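**Q** The chain contents come next:
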Amino acid sequence: MTRTLTFKVVVAAMAVLFNLVGTAFSQDASSANELRKSTADHSMFKVLQQEFSSGPQVTKACLTCHTEASKQVMNSIHWKWRFDHPVTGQKLGKSEVINSFCGNVASNEPRCTSCHAGYGWTDMKMGPPKSQTAVDCLICHDQTGKYTKISTAAGHVAVGEVPSKAKTITGAKAKPIDLSKSAMSVGMPKRENCGQCHFYGGGGDNVKHGDLSSALYDPSVHVDVHMSKDGANMQCSNCHVSKNHNWAGSRYHVDAKGDSGIRKPGARRDVATCESCHGNTPHKGPNPLLAIKINDHTDRVACQTCHIPGFAKGGIATKTKWDWSTAGKLKDGKPYAEEGYTQGNGKHMHTYMSKKGNFEWGEDVIPFYAWFNGQVEYTKQDDTIDPSKVVEVNKIPGSPTDPRARIWPFKRMEGRQAYDKKLNHLVMTNVFGPQSDTAFWTNFDWAKAINAGMKKAGRSYSGEFGFVDTYMYWPITHMVAPAKEALKCDSCHSDGGRLASVTGFYLPGRDKFKWLDILGILAVAVAFIGVTGHGLVRIITKGRRTAQ
Amino acid sequence: MTDIRNLDLDRPDAPVRKPKDKTRSYRIAIYKGYERFWHWSQAFLILSLLFTGFGLHGLHNLLPFGMAVTLHTGAAIVLMTLWVFTIFWWFTTGEWKQFFPKNENLWNIIKYYAWGILQGASKPYHKRLHSKQNPLQAITYVALTFFIGSTLWASGIAYLFYNMWEHYGWANQVFTVIVFLHTAAAWGMAIFVVIHVYMATTGEPWYHYIQSMITGRDDVELTDAEVAFLEERQGEPLDTSPAKH
Chain F
179 MTRTLTFKVV VAAMAVLFNL VGTAFSQDAS SANELRKSTA DHSMFKVLQQ
229 EFSSGPQVTK ACLTCHTEAS KQVMNSIHWK WRFDHPVTGQ KLGKSEVINS
279 FCGNVASNEP RCTSCHAGYG WTDMKMGPPK SQTAVDCLIC HDQTGKYTKI
329 STAAGHVAVG EVPSKAKTIT GAKAKPIDLS KSAMSVGMPK RENCGQCHFY
379 GGGGDNVKHG DLSSALYDPS VHVDVHMSKD GANMQCSNCH VSKNHNWAGS
429 RYHVDAKGDS GIRKPGARRD VATCESCHGN TPHKGPNPLL AIKINDHTDR
479 VACQTCHIPG FAKGGIATKT KWDWSTAGKL KDGKPYAEEG YTQGNGKHMH
529 TYMSKKGNFE WGEDVIPFYA WFNGQVEYTK QDDTIDPSKV VEVNKIPGSP
579 TDPRARIWPF KRMEGRQAYD KKLNHLVMTN VFGPQSDTAF WTNFDWAKAI
629 NAGMKKAGRS YSGEFGFVDT YMYWPITHMV APAKEALKCD SCHSDGGRLA
679 SVTGFYLPGR DKFKWLDILG ILAVAVAFIG VTGHGLVRII TKGRRTAQ
Chain A
5 MTDIRNLDLD RPDAPVRKPK DKTRSYRIAI YKGYERFWHW SQAFLILSLL
55 FTGFGLHGLH NLLPFGMAVT LHTGAAIVLM TLWVFTIFWW FTTGEWKQFF
105 PKNENLWNII KYYAWGILQG ASKPYHKRLH SKQNPLQAIT YVALTFFIGS
155 TLWASGIAYL FYNMWEHYGW ANQVFTVIVF LHTAAAWGMA IFVVIHVYMA
205 TTGEPWYHYI QSMITGRDDV ELTDAEVAFL EERQGEPLDT SPAKH
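Residue numbers (the numbering used here), protein chains in the order written: chain F, 179 to 726; chain A, 5 to 249.
None of these hints come from the bench; they were simulated from the model. Wrong hints could be hidden among the right ones.
Every beta carbon over 10 Å from chain F, so not counted as near; a handful from chain A, in silico [said to hold, decoys possible]:
hint, residue
1, Leu63
2, Val73
3, Asn176
Below are the DSSO-like pairs computed for lysine-lysine, each with C-alpha atoms no more than 30 Å apart in a straight line [what the hints assert, rightly or not]:
hint, chain 1, residue 1, chain 2, residue 2
4, A, Lys101, F, Lys720
5, A, Lys127, F, Lys720
6, F, Lys308, F, Lys421
7, F, Lys343, F, Lys512
8, F, Lys599, F, Lys558
9, F, Lys720, F, Lys272
Which residues of chain F face chain A? A partial, calculated answer using Cβ under 8 Å [unchecked claim]:
hint, residue
10, Ala661
11, Glu663
12, Ala664
13, Cys667
14, Ser672
15, Phe683
16, Gly687
17, Gly711
18, Leu714
19, Arg716
Nothing here was measured: the structure is a model prediction, and the numbers come from that model. C-beta atoms are modelled at their ideal positions from N, C-alpha and C, and glycine is treated no differently.
Just need the whole structure built from these sequences, with the hints factored in.
**A** Right under this line is the structure:
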């Protein structure tokens, strides 16, 4: 009896054990993917199973569990639009700077703040909203793909009755959102979340950055080797790692050298540099000698310089020139537009708009190259400019003798924008305001638009304006091509190569000592002619002697 | 057939030549196997370095830059290795003495190559057992090694290892100087190659020197005492030189 019992227990125990092992294996092999990464299924939370009538209501529900989330977000650049530069001391961020696209946020709030990570920032001067429920959790965490903001509503979303003309921040027709469904779907941000704002900067797809466009939702490996499904299939946040809702990677304070990212396992890696994953000696081919030589380049040449041979790939053009000075022309008293550019995906693009002036577009653009130490300096509104020269809206400092600088690729945006003719300052303009009598896009009157913009921002303005040519530099770091498409040595080490204008150092293959080479060629030629002549005389005199 | 590889020049019983001793020309093996290997592999490497180097410098576009870098660096490393072996060989065999400059007869030799050779004059210098090179050759090679060669090596190695010193503040300027020296010395080497190749044709017949650098055999002036010494060591008579007999 006891023996039988023991036997049964052993068999049962073995069965359980076997079962467990089997389950473990089968999970490894097949059902691992079916498991949620998250430990919480938000559709099961009672607090989310309700009808929401506004975004802040959803946020309120989120905060019942994630009690500190709003405080973290409100401490980030996504919220503050303000960045105090640790090196230059400049006060930067969207709330502070002028760019060569739509210019400035102040006086254009509901349009510009439609991309704010919150609800209802209607006045730059007042700073972002104070209420914790004003944080927009869903814009980053929604996983339905349906949640989006209205393009002119200071960050608010489409709920209930949506005006028929309303558009989203990506330019699509706005449809009412099921906030409850969206709230229950939440997860970690995907490229569809980040892309809604960052792919559409400057007012349209890829307008601003050149290396961030809707082409990155589903890119080929040619367009982006990291984000392609056939490549690493990475999300934005795989590189832009977050810590307390603050993200790695800054366009103001760039880690231009990439050496802060090389850390041992377990150490901090909230850095978005290439080196934080690849290290700074990643090249293994095509042969050991060349691999060493290419690795020798990483201290002076940014990875992006060779590995992003062109940007604005995948059929989506980027705006390369924006001339505001021609804006305001009317036909029969009405604004008009011209579509003189067709981009790779077949879409016709504006080349003139009465609201905005003339544009130029580019695809597969060859970057502008410069030494860059990462510490971008802005020409702010109250900085004095020299209108006789092209004004750099932002400067990208660096030189071959600056040990922190490397050669970087940039999108160099060409602009022509308004400035104060007397004070020699850039000006802020009020462009948006469908109901106002000052907004340029409504009234086509520069004097009023500048006046209103400057007044709203609380700046002094002489009342006289002109237009000045500008450059603005955008570091290129996305749309990394597969290794086989990387630049070859000759792309730079040659006459008239890509680095033709990056001077101040000797670049083999490009630079020469002209007079030394002339002297050398002459000397070799003289030697050659000399020995040839000598040889000829030898042959002739020998012939004569033989004849004698 | 005598092979002077087997000669111990410092042997106490080796014959000492007196100034008035009469000599005759004998064709014996004079360039050793290693020496010929060194000469021809060095010739190939220097030509490769010139070709790839001028490509890197941008004077021609016959090679992709990356390939030129690989070949130039590779050839330099092989040549450096060859030199390490060669220096070892010089000092273990005593061959370094061949390069010791001697000013005897130098002017006569310059006159001969500039003018005499055109008139069918006879050579003012004949190879001897202990002295394969004429004084002009010796001084040329020494000058080549000390000025052009050392400049190329020093600047080339500094260039190759740029990354080990580029962090110094002066690196940017010094690099330019190094590139300048390297290029200037390369032009010097190119001039040497042109003249050297031509001088190799001044034998009789014109391919004589080239042939002897391949076969290792050349005509050497020997005294009767040296002949006796060599014949005794090898146990058979020496070939007399066909050019003279």
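**Q** So, for every hint listed, does it hold in this structure?
**A** These are the hints, each one checked on the structure:
{"no.": "1", "hint": "Leu63", "result": "violated (7 Å)"}
{"no.": "2", "hint": "Val73", "result": "violated (6 Å)"}
{"no.": "3", "hint": "Asn176", "result": "violated (6 Å)"}
{"no.": "4", "hint": "A/Lys101 / F/Lys720", "result": "violated (35 Å)"}
{"no.": "5", "hint": "A/Lys127 / F/Lys720", "result": "holds (15 Å)"}
{"no.": "6", "hint": "F/Lys308 / F/Lys421", "result": "holds (22 Å)"}
{"no.": "7", "hint": "F/Lys343 / F/Lys512", "result": "holds (19 Å)"}
{"no.": "8", "hint": "F/Lys599 / F/Lys558", "result": "holds (16 Å)"}
{"no.": "9", "hint": "F/Lys720 / F/Lys272", "result": "violated (88 Å)"}
{"no.": "10", "hint": "Ala661", "result": "violated (14 Å)"}
{"no.": "11", "hint": "Glu663", "result": "violated (15 Å)"}
{"no.": "12", "hint": "Ala664", "result": "violated (11 Å)"}
{"no.": "13", "hint": "Cys667", "result": "holds (4 Å)"}
{"no.": "14", "hint": "Ser672", "result": "holds (7 Å)"}
{"no.": "15", "hint": "Phe683", "result": "holds (6 Å)"}
{"no.": "16", "hint": "Gly687", "result": "holds (5 Å)"}
{"no.": "17", "hint": "Gly711", "result": "violated (10 Å)"}
{"no.": "18", "hint": "Leu714", "result": "violated (10 Å)"}
{"no.": "19", "hint": "Arg716", "result": "holds (6 Å)"}
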